[in-house]
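K.L.:
Sequences listed follow chains A and L, in order.
The first sequence runs contiguously to residue 108 in my numbering.
The second sequence runs contiguously to residue 762 in my numbering.
Check before you lean on any hint, since a few could be wrong.
Residues from chain A that keep clear of chain L, each with C-beta distances beyond 12 angstroms, as calculated [said to hold, decoys possible]:
#1 G23
#2 W36
#3 A42
#4 L48
#5 V54
#6 L58
#7 I70
#8 G75
#9 W81
#10 V90
#11 I93
#12 G96
#13 I100
In silico SDA-like pairs for lysine to any residue, Cα to Cα no more than 20 angstroms straight-line [as the list claims (entries may be wrong)]:
#14 K13(A) x E741(L)
#15 K321(L) x T71(A)
#16 K321(L) x H69(A)
So these bits of chain A aren't anywhere near chain L, every CB distance computed over 12 angstroms [unchecked claim]:
#17 H20
#18 L55
#19 L85
#20 M101
Calculated directly from the structure, the hints in this document are not laboratory data.
Given the structure is predicted, the values throughout are model-derived calculations rather than measurements.
Note that CB positions come from ideal geometry on N, CA and C, so glycine has one too.
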Amino acid sequence: MALHPSSAPHGGKRPFPWSHMVGFILSIVLTVAALWAVLARALHPGPLTTFILVLGVLQIVVQLFFFMHITESEGPPWHAWMLMLGFVFVVAIVAGSIWIMSFGTEAY
Amino acid sequence: MNLEPTYATHFFVTGDPMIYAADVSILLVSAAIVFVLTYFKKWGWLWREWLTTVDHKKIGIMYMIAALLMLFRGGVDALLMRTQLALPNMHFLQPEHYNQIFTTHGTLMILFMAMPFIFAMMNIAVPLQIGARDVAFPYLNAVSFWLFFFGALLFNLSFVIGGSPDAGWTSYPPLAEVPFSPGPGENFYLLGLQISGIGSIATGINFFVTILKMRAPGMTLMRMPLFCWSVLATTILIIFAFPVLTVALALLLIDRIAGAHFFSIFDGGNPMMYVNLFWMWGHPEVYIVVLPAFGIFSEVVATFSRKRIFGYASMVASMMAIAIISYFTWVHHFFTMGAGPGVNSFFAVSTMIIAIPTGVKVFNWLMTMYRGRIRMTVPMLWTVGFIPNFAIGGASGVMLSVAPADYQYHNSYFLIAHFHQVLIGGTVFGMLAGMYYWWPKMFGFMLDERLGRWAFWWFNAGFYVCFLPQYVLGFMGMTRRIYVYPAHMGWTEWNFISTLGAFMMGVGFLLLVADILYSIRHGERDVTGDIWDGRTLEWSLPSPAPHYNFARIPVVTARDAWWAMKEARKRGEALPDARPLAPIHMPKNSGLPFLLSLSFFVAGFGLVFNWYMLAVAGFLGVGLCLLLRSFAEDKAYFIPVEEIARTEAALGRV
Numbered sequence: 001m002a003l004h005p006s007s008a009p010h011g012g013k014r015p016f017p018w019s020h021m022v023g024f025i026l027s028i029v030l031t032v033a034a035l036w037a038v039l040a041r042a043l044h045p046g047p048l049t050t051f052i053l054v055l056g057v058l059q060i061v062v063q064l065f066f067f068m069h070i071t072e073s074e075g076p077p078w079h080a081w082m083l084m085l086g087f088v089f090v091v092a093i094v095a096g097s098i099w100i101m102s103f104g105t106e107a108y
Numbered sequence: 109m110n111l112e113p114t115y116a117t118h119f120f121v122t123g124d125p126m127i128y129a130a131d132v133s134i135l136l137v138s139a140a141i142v143f144v145l146t147y148f149k150k151w152g153w154l155w156r157e158w159l160t161t162v163d164h165k166k167i168g169i170m171y172m173i174a175a176l177l178m179l180f181r182g183g184v185d186a187l188l189m190r191t192q193l194a195l196p197n198m199h200f201l202q203p204e205h206y207n208q209i210f211t212t213h214g215t216l217m218i219l220f221m222a223m224p225f226i227f228a229m230m231n232i233a234v235p236l237q238i239g240a241r242d243v244a245f246p247y248l249n250a251v252s253f254w255l256f257f258f259g260a261l262l263f264n265l266s267f268v269i270g271g272s273p274d275a276g277w278t279s280y281p282p283l284a285e286v287p288f289s290p291g292p293g294e295n296f297y298l299l300g301l302q303i304s305g306i307g308s309i310a311t312g313i314n315f316f317v318t319i320l321k322m323r324a325p326g327m328t329l330m331r332m333p334l335f336c337w338s339v340l341a342t343t344i345l346i347i348f349a350f351p352v353l354t355v356a357l358a359l360l361l362i363d364r365i366a367g368a369h370f371f372s373i374f375d376g377g378n379p380m381m382y383v384n385l386f387w388m389w390g391h392p393e394v395y396i397v398v399l400p401a402f403g404i405f406s407e408v409v410a411t412f413s414r415k416r417i418f419g420y421a422s423m424v425a426s427m428m429a430i431a432i433i434s435y436f437t438w439v440h441h442f443f444t445m446g447a448g449p450g451v452n453s454f455f456a457v458s459t460m461i462i463a464i465p466t467g468v469k470v471f472n473w474l475m476t477m478y479r480g481r482i483r484m485t486v487p488m489l490w491t492v493g494f495i496p497n498f499a500i501g502g503a504s505g506v507m508l509s510v511a512p513a514d515y516q517y518h519n520s521y522f523l524i525a526h527f528h529q530v531l532i533g534g535t536v537f538g539m540l541a542g543m544y545y546w547w548p549k550m551f552g553f554m555l556d557e558r559l560g561r562w563a564f565w566w567f568n569a570g571f572y573v574c575f576l577p578q579y580v581l582g583f584m585g586m587t588r589r590i591y592v593y594p595a596h597m598g599w600t601e602w603n604f605i606s607t608l609g610a611f612m613m614g615v616g617f618l619l620l621v622a623d624i625l626y627s628i629r630h631g632e633r634d635v636t637g638d639i640w641d642g643r644t645l646e647w648s649l650p651s652p653a654p655h656y657n658f659a660r661i662p663v664v665t666a667r668d669a670w671w672a673m674k675e676a677r678k679r680g681e682a683l684p685d686a687r688p689l690a691p692i693h694m695p696k697n698s699g700l701p702f703l704l705s706l707s708f709f710v711a712g713f714g715l716v717f718n719w720y721m722l723a724v725a726g727f728l729g730v731g732l733c734l735l736l737r738s739f740a741e742d743k744a745y746f747i748p749v750e751e752i753a754r755t756e757a758a759l760g761r762v
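Same shape as in the complex, but just chain A (with noise of 0.2 angstroms):
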């Protein structure tokens, strides 16, 4: 029973929250600026997915800072090692589908 005297109900008032509120609007801008480039055709396919992806990505920071109290933690920082595991886990998974997936294509 891990329950923390902190996770009792906190009394009194407390602050606005305002980083959720402005990570809850930039992950909404972020999301609609991708589904709009592709609706739209914005850019040719090339650039399109290097701009999805890099939109991914920044939604990535914005999810961890904004939500996912990664600047908080108490004792050994074992999130940032799931964190590093999760980057070489995902770099396997995009890098090694795209390799895989343009099978046949070396050979020629």
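Following the hints, position chain L against chain A.
P.N.:
Leaving out everything else, chain L in the frame of chain A:
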């Protein structure tokens, strides 16, 4: 596409006498359960003690019961298939029925038998072994269980309502797309797996946090029992692998119910991308289910050799290595896609590399037994039985990893024999070892050893009789998923022997059930809490453990913490724990996990049949449950000192 079942004939599966028999038996069993619960006035008990519980020990028991039920159904499916294949040109099953049965068998055994069985063992043992009073998120733990339960229920329902999926447990497009699988069967598969998958990811996060954050003082990572290390490795794999399956299934579901073309050949889709994504989860998945078994074997072998485990640090290192490398081997499931020599070579080599840490572990188990004082109890039998079994399975795995040779083995019975050997020999043997080992801790009595031995020998011998002939059949060219074969192929004898073996395993399972039923009445009671003379902290508690586990959180000074405490006591160095009892903060039971998962079930059922109003109603229920929990204030309570003292005194522990 009109899936609106206007007539009952489209809704209920009709026409097959075996399914009518199943309908009748389902109705009779349901009626019997309702009658017993009502007659003995047990509805309130069921709700208060089980359906709303957040206690990891009870959740573990429920997972285990579910896993055993699914093992039964998956096993019956296997016997039906083996009966159909026993002789050439059999007319026991219709071809469509055979397709449905092998699809159901595979899906059930991996996702609704192996997964809940490892979750059962994790729930039962991990908090007790690390000296914690529950998991990090007890409410989420209940949510996970009920999502698994209702996901499995939705999948199993397809058998009598709507029709079972029949595109294989891998559900590859284009076969799994609407043009080739028009009925609701594939939707059942996709939604059942999605719903239980949410629960699996949550369990992964829950136990990862539990192990890192909730260890008793003094229990450093390198003092943890190896089972906890194996669970840590498994949770890392769950956290990173299951989201990939979620994405793959979601895209296929969107193809099926919203007419998208992610995986159709035409309109820019690519079915091979599904295969790629599926195995990106699928390969880590086999390590997800086998690593906890490795952990159990490590506990069992140390306890029953009366030695500490040989090569602890190399065990930890090899499990962590397996966890990482298993993420880089997935293409060996589809070498024959023809992705070019570069790709196939890379994944062939990575697959061979992963056999090395696994081999290290086998030698460590053998060296632990070397010059140990071995007691051949039933858990130890399953462990010793596992070693040759897994060695053969591992060797045939390395044969399959050779990409050019795999073009011969691919989708033959050689492959079938290989993966059954590692999954049954590894996971099932491991889970049964764990069940026998921790059964007294769960229920306070032992399973009968004599019946347990009979069950082991029938199952173990049956295993070899069933699967070794399948290696031969693979070499002779018999491919998987065929429902009938001609007489002149020379396959008949081997198939017949294999079927005999399958029925021997069935006898083994029945003996296991008989053992449980017999022991409920006649099993030896565990009054000490340490019936095996164990080494880890769960054996320091009474059996079954009180719901708060530890009255005082233990202070750990060594690896094999409980063994060290017992040694200190024998030397007369141990002082009685003088710390005063303090009130214990515990989570309150809640009905919301059950209702939340029930809502998911309703939503899933609606989506299966494209009944969108029902789906919307289900999702509204989900949202309502989430909202109610968000605003709940009264989530925990304190157990007063007097009550703890009373409980401990009743257990003879003061």
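K.L.:
Please go over all the hints and tell whether each is borne out by the structure.
P.N.:
Against the structure, the hints:
| no. | hint | result |
| --- | --- | --- |
| 1 | G23 | 18 angstroms, holds |
| 2 | W36 | 20 angstroms, holds |
| 3 | A42 | 19 angstroms, holds |
| 4 | L48 | 14 angstroms, holds |
| 5 | V54 | 20 angstroms, holds |
| 6 | L58 | 20 angstroms, holds |
| 7 | I70 | 15 angstroms, holds |
| 8 | G75 | 8 angstroms, violated |
| 9 | W81 | 10 angstroms, violated |
| 10 | V90 | 9 angstroms, violated |
| 11 | I93 | 6 angstroms, violated |
| 12 | G96 | 8 angstroms, violated |
| 13 | I100 | 5 angstroms, violated |
| 14 | K13(A) x E741(L) | 16 angstroms, holds |
| 15 | K321(L) x T71(A) | 17 angstroms, holds |
| 16 | K321(L) x H69(A) | 17 angstroms, holds |
| 17 | H20 | 14 angstroms, holds |
| 18 | L55 | 18 angstroms, holds |
| 19 | L85 | 7 angstroms, violated |
| 20 | M101 | 6 angstroms, violated |
The structure fails hints 8, 9, 10, 11, 12, 13, 19, 20 (numbered hints given earlier, in ascending order).
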